[in-house]
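Based on these hints, arrange chain B on the given structure of chain A.
Residue numbers (UniProt numbering), protein chains in the order written: chain A, 1 to 430; chain B, 1 to 430.
Read the hints as simulated data drawn from the structure, not as lab findings. Where hints are given, some of them may not hold.
The list makes no distinction among identical chains, and a pair is therefore deemed to hold if it is satisfied within one copy or across any two copies.
Unchecked claim - List of simulated lysine-lysine pairs, DSSO-like, C-alpha gap at most 27 angstroms:
#1 LYS407 / LYS396
#2 LYS372 / LYS22
#3 LYS372 / LYS103
#4 LYS372 / LYS429
#5 LYS22 / LYS429
#6 LYS407 / LYS372
#7 LYS3 / LYS99
#8 LYS89 / LYS22
#9 LYS429 / LYS407
#10 LYS372 / LYS403
Every value quoted in this text rests on a predicted model; they were computed, and no experiment measured them.
There are 2 protein chains.
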Amino acid sequence: MSKKIMTNGTIMTMDAENRLIKKGAIAFEDGQITFVGETPSDLSSYDEIIDVDGDYVLPGLVNTHGHASMSLLRGYADDLPLQQWLEEKMWPIEATYTKDHAKWGTNLSIIEMLRTGTTTFVDMYDNMDEVAMAVDAAGIRARLCRGMIGFGSEELRQSKLEEASSFARNWNNQANGRITTMMSPHSPYTCAPDFIEKIVSKAVELNLPIHIHMSETQSEVELNVREYGERPVKHLEKLGMFEQPTLVAHAVHVEDWEMDILAKYDVKVSNNIISNLKLASGIAPLPALLSKGITVSLGTDSSASNNNLDLFEELKQVAMLYKGVHNDATLIPAEKALQMATIHGAEAIWLDDQIGSLEVGKQADFIVMNTKQAFYQPAHNPISHLVYSGSGRDVKDVYVQGKQVVKNGECVTVDEERVIFEVNRLSQKF
Amino acid sequence: MSKKIMTNGTIMTMDAENRLIKKGAIAFEDGQITFVGETPSDLSSYDEIIDVDGDYVLPGLVNTHGHASMSLLRGYADDLPLQQWLEEKMWPIEATYTKDHAKWGTNLSIIEMLRTGTTTFVDMYDNMDEVAMAVDAAGIRARLCRGMIGFGSEELRQSKLEEASSFARNWNNQANGRITTMMSPHSPYTCAPDFIEKIVSKAVELNLPIHIHMSETQSEVELNVREYGERPVKHLEKLGMFEQPTLVAHAVHVEDWEMDILAKYDVKVSNNIISNLKLASGIAPLPALLSKGITVSLGTDSSASNNNLDLFEELKQVAMLYKGVHNDATLIPAEKALQMATIHGAEAIWLDDQIGSLEVGKQADFIVMNTKQAFYQPAHNPISHLVYSGSGRDVKDVYVQGKQVVKNGECVTVDEERVIFEVNRLSQKF
Numbered sequence: 001m002s003k004k005i006m007t008n009g010t011i012m013t014m015d016a017e018n019r020l021i022k023k024g025a026i027a028f029e030d031g032q033i034t035f036v037g038e039t040p041s042d043l044s045s046y047d048e049i050i051d052v053d054g055d056y057v058l059p060g061l062v063n064t065h066g067h068a069s070m071s072l073l074r075g076y077a078d079d080l081p082l083q084q085w086l087e088e089k090m091w092p093i094e095a096t097y098t099k100d101h102a103k104w105g106t107n108l109s110i111i112e113m114l115r116t117g118t119t120t121f122v123d124m125y126d127n128m129d130e131v132a133m134a135v136d137a138a139g140i141r142a143r144l145c146r147g148m149i150g151f152g153s154e155e156l157r158q159s160k161l162e163e164a165s166s167f168a169r170n171w172n173n174q175a176n177g178r179i180t181t182m183m184s185p186h187s188p189y190t191c192a193p194d195f196i197e198k199i200v201s202k203a204v205e206l207n208l209p210i211h212i213h214m215s216e217t218q219s220e221v222e223l224n225v226r227e228y229g230e231r232p233v234k235h236l237e238k239l240g241m242f243e244q245p246t247l248v249a250h251a252v253h254v255e256d257w258e259m260d261i262l263a264k265y266d267v268k269v270s271n272n273i274i275s276n277l278k279l280a281s282g283i284a285p286l287p288a289l290l291s292k293g294i295t296v297s298l299g300t301d302s303s304a305s306n307n308n309l310d311l312f313e314e315l316k317q318v319a320m321l322y323k324g325v326h327n328d329a330t331l332i333p334a335e336k337a338l339q340m341a342t343i344h345g346a347e348a349i350w351l352d353d354q355i356g357s358l359e360v361g362k363q364a365d366f367i368v369m370n371t372k373q374a375f376y377q378p379a380h381n382p383i384s385h386l387v388y389s390g391s392g393r394d395v396k397d398v399y400v401q402g403k404q405v406v407k408n409g410e411c412v413t414v415d416e417e418r419v420i421f422e423v424n425r426l427s428q429k430f
Numbered sequence: 001m002s003k004k005i006m007t008n009g010t011i012m013t014m015d016a017e018n019r020l021i022k023k024g025a026i027a028f029e030d031g032q033i034t035f036v037g038e039t040p041s042d043l044s045s046y047d048e049i050i051d052v053d054g055d056y057v058l059p060g061l062v063n064t065h066g067h068a069s070m071s072l073l074r075g076y077a078d079d080l081p082l083q084q085w086l087e088e089k090m091w092p093i094e095a096t097y098t099k100d101h102a103k104w105g106t107n108l109s110i111i112e113m114l115r116t117g118t119t120t121f122v123d124m125y126d127n128m129d130e131v132a133m134a135v136d137a138a139g140i141r142a143r144l145c146r147g148m149i150g151f152g153s154e155e156l157r158q159s160k161l162e163e164a165s166s167f168a169r170n171w172n173n174q175a176n177g178r179i180t181t182m183m184s185p186h187s188p189y190t191c192a193p194d195f196i197e198k199i200v201s202k203a204v205e206l207n208l209p210i211h212i213h214m215s216e217t218q219s220e221v222e223l224n225v226r227e228y229g230e231r232p233v234k235h236l237e238k239l240g241m242f243e244q245p246t247l248v249a250h251a252v253h254v255e256d257w258e259m260d261i262l263a264k265y266d267v268k269v270s271n272n273i274i275s276n277l278k279l280a281s282g283i284a285p286l287p288a289l290l291s292k293g294i295t296v297s298l299g300t301d302s303s304a305s306n307n308n309l310d311l312f313e314e315l316k317q318v319a320m321l322y323k324g325v326h327n328d329a330t331l332i333p334a335e336k337a338l339q340m341a342t343i344h345g346a347e348a349i350w351l352d353d354q355i356g357s358l359e360v361g362k363q364a365d366f367i368v369m370n371t372k373q374a375f376y377q378p379a380h381n382p383i384s385h386l387v388y389s390g391s392g393r394d395v396k397d398v399y400v401q402g403k404q405v406v407k408n409g410e411c412v413t414v415d416e417e418r419v420i421f422e423v424n425r426l427s428q429k430f
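The following block holds chain A by itself, in its conformation from the complex (with noise of 0.2 angstroms):
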């Protein structure tokens, strides 16, 4: 593979010292960063020079919770609480999916978080070899798991268990190890506890992490302790969840203590901030999770309660509600919403030593937005533009593991205009 170099861009590297470098320039070869600094005065060793010219550059964004097939349901049910939302509108219909559904909406939404900069994201669903299959055509990175909804016969639980189990055995490491997996009970509130403790030994033989929803609303926690006695954190301490690397969806309601026990473990957040006030789950305590030193990202959950997988959107949330929220203007700065979009993303998936920052040795995944445009001027603060004036729509070019998959915003790995109308083909049976 050649030698390419981006030179003359504004470099956010996200890197330990959070450095921007301004007519900056990053090397990438064998899909790997080679170089990361001042634009080289001689740049004859580079097979490949692409000037940006001031525009920004920075990690390909990591969106840590979502259901990519679900997105042939936005805007399907809009405006209801969760329960309903649930269990009247998205599982009767989730029930009627076949593996073309969730083909064709894992293409949209790669499409999406494609073209706003996402390059690498987390799935939890069923289906998942064509999930997988999307994400190694479309050439995105990806953290996938089976999704595991504990109702119905012993059988159905154990069939589950080993597809989830050997669609995370097969795929993880796979599409140039753009592809890892994690082991997956959907909820303490759809997986009884045996269930539950059955996942997690499958996790340690399998030496995979966990993903779960976990306290999305108050109702569910209140559930929690009637059938079990505990708030959802300790229940699943007590089933032994934390001892394997976690990763929890939401974490909105957690009292002061329960965070404790999450920093304690290390258990990782993805931190759903639109999907929670659109369906009116709450707002999760960030800057008191954050005080504990526990790692939150940043996930969009699905299109179906978002709308759109557009992660830039939640960027701007987390840097504005609890400003708002805690009369504090001091809370969740530009820098730090950035980071956790980015390195953070990166940490709550374990795949920080790869990916999260700009850093000679990691993957080149990274993005390129178009600046200059009247969002971006005058040219005070890139980090505070990009937060907050920018757009996922202004990303321009977005590369992973090297190769760009986005040209002038349009996906190149993905036929859009296809997956348009297949998406419409299969939901006008809706």
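Showing chain B alone in chain A's frame:
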């Protein structure tokens, strides 16, 4: 002027029945709408037929509070509380402002607004002749006022009042009716009661409405009580302001009985949800204001506290935030949010006989969204997609008074490159 018709659009009329017309058409001539309905089979009477092939067509958005000149200060100071931000950052730098700053800052703001589908905006600032000339040239619509801060000598106040009055008189109904004016004391905490009374008298004399900042922060309300023995609403009522049509910006800290006063006088409100969050001013009681029957519209405030002028962000934010804050996913549904950004915006500035909805006889101010993108698929519910998944960046074409001002995402009436050059030239001196 020729007879034009847009055909096969998804028309969001925002009329009294909130009609959504699939395969709809809108015709216009001499700047006015002459037809709205299903696409006619016979189009032979039209000089120009534009087939938008399913794209959304809706009224241009109305941004009811802002300070266009301040876009030069985007990203100049973030993550600070309002008073510190104003007193230590904004006011000192604004004191150095010249007509040149007003001219180029306003042009930058107009580009942002037109590009993201705002066709009418409210502006309160100084050097307003520059603002009005920029509005005239760009072909946008605006309701403008010279905001008066009452500090300093009596002579200074008098000269401001004269300047504000002559501006309001000279520019009202100019630019082919696209410019209207108001009279504007900055706020109760920057204008003494007698100065406010003088401004109100002048508004009565000129038969113009009043625009004022009110109850944006808790500390400003407390100051009002200390200084004048009343909270701002009662204080302004006593000064006779509400006898004249009034638009208040913010109304964040208003109690139930204060809302009754606002409702009694039909005082209009501009909700500035994003600016209020970012400056940690608080969260306005929007559901209560609406339940009192008060007209609530949306404003961006300036890009120094937002940090952009894309009203689609306010549109989504009002439909999200209150659900999460009040634990009620049915609050401010998508359609209500869109009304706030369109027809309620027009009502808030007393122009609803001319703009805010697509109806025969109204002005041809409308926008076309590029919905042939993943974010708008599958085609379940256009208004949901627009509010929850859309972005101002998806606005493709913009018309004001039947004249195209944005074409394929580019402003055709303002030289974007020149404006970007000038704002950076000016801001380098800060």
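Evaluated hints:
Taking the shortest alpha-carbon separations for LYS407 and LYS396, both the intra-copy value of 6 angstroms and the inter-copy value of 20 angstroms come in at or below 27 angstroms. For the homomeric pair LYS372 and LYS22, the shortest alpha-carbon distance inside one copy (15 angstroms) is at most 27 angstroms, but the shortest distance between copies (36 angstroms) is not. Taking the shortest Cα distances, LYS372 and LYS103 sit within 27 angstroms of each other only across copies (20 angstroms), while inside one copy they are farther apart (36 angstroms). When the C-alpha separation of LYS372 and LYS429 is checked against a cutoff of 27 angstroms, the pair qualifies only between copies, where the shortest distance is 21 angstroms, while the shortest distance within a copy is 43 angstroms.
Proximity of LYS22 to LYS429 under the C-alpha cut-off of 27 angstroms is restricted to the inter-copy arrangement: shortest distance 19 angstroms between copies versus 52 angstroms within a copy. In this homomeric assembly, LYS407 and LYS372 come within 27 angstroms of each other (Cα to Cα) both inside a single copy, at 16 angstroms, and across copies, at 18 angstroms. Taking the closest pair of Cα atoms, LYS3 and LYS99 never come within 27 angstroms of each other, the shortest separation being 40 angstroms inside a single copy and 50 angstroms across copies. In the homo-oligomer, the alpha carbons of LYS89 and LYS22 lie at most 27 angstroms apart only across protomers (25 angstroms), although the nearest pairing inside one protomer, at 49 angstroms, exceeds that limit.
For the identical chains of this complex, LYS429 and LYS407 are neighbours neither inside a copy (34 angstroms) nor across copies (36 angstroms), given an alpha-carbon limit of 27 angstroms. Taking the closest pair of Cα atoms, LYS372 and LYS403 come within 27 angstroms of each other both inside a single copy (24 angstroms) and across two copies (26 angstroms).
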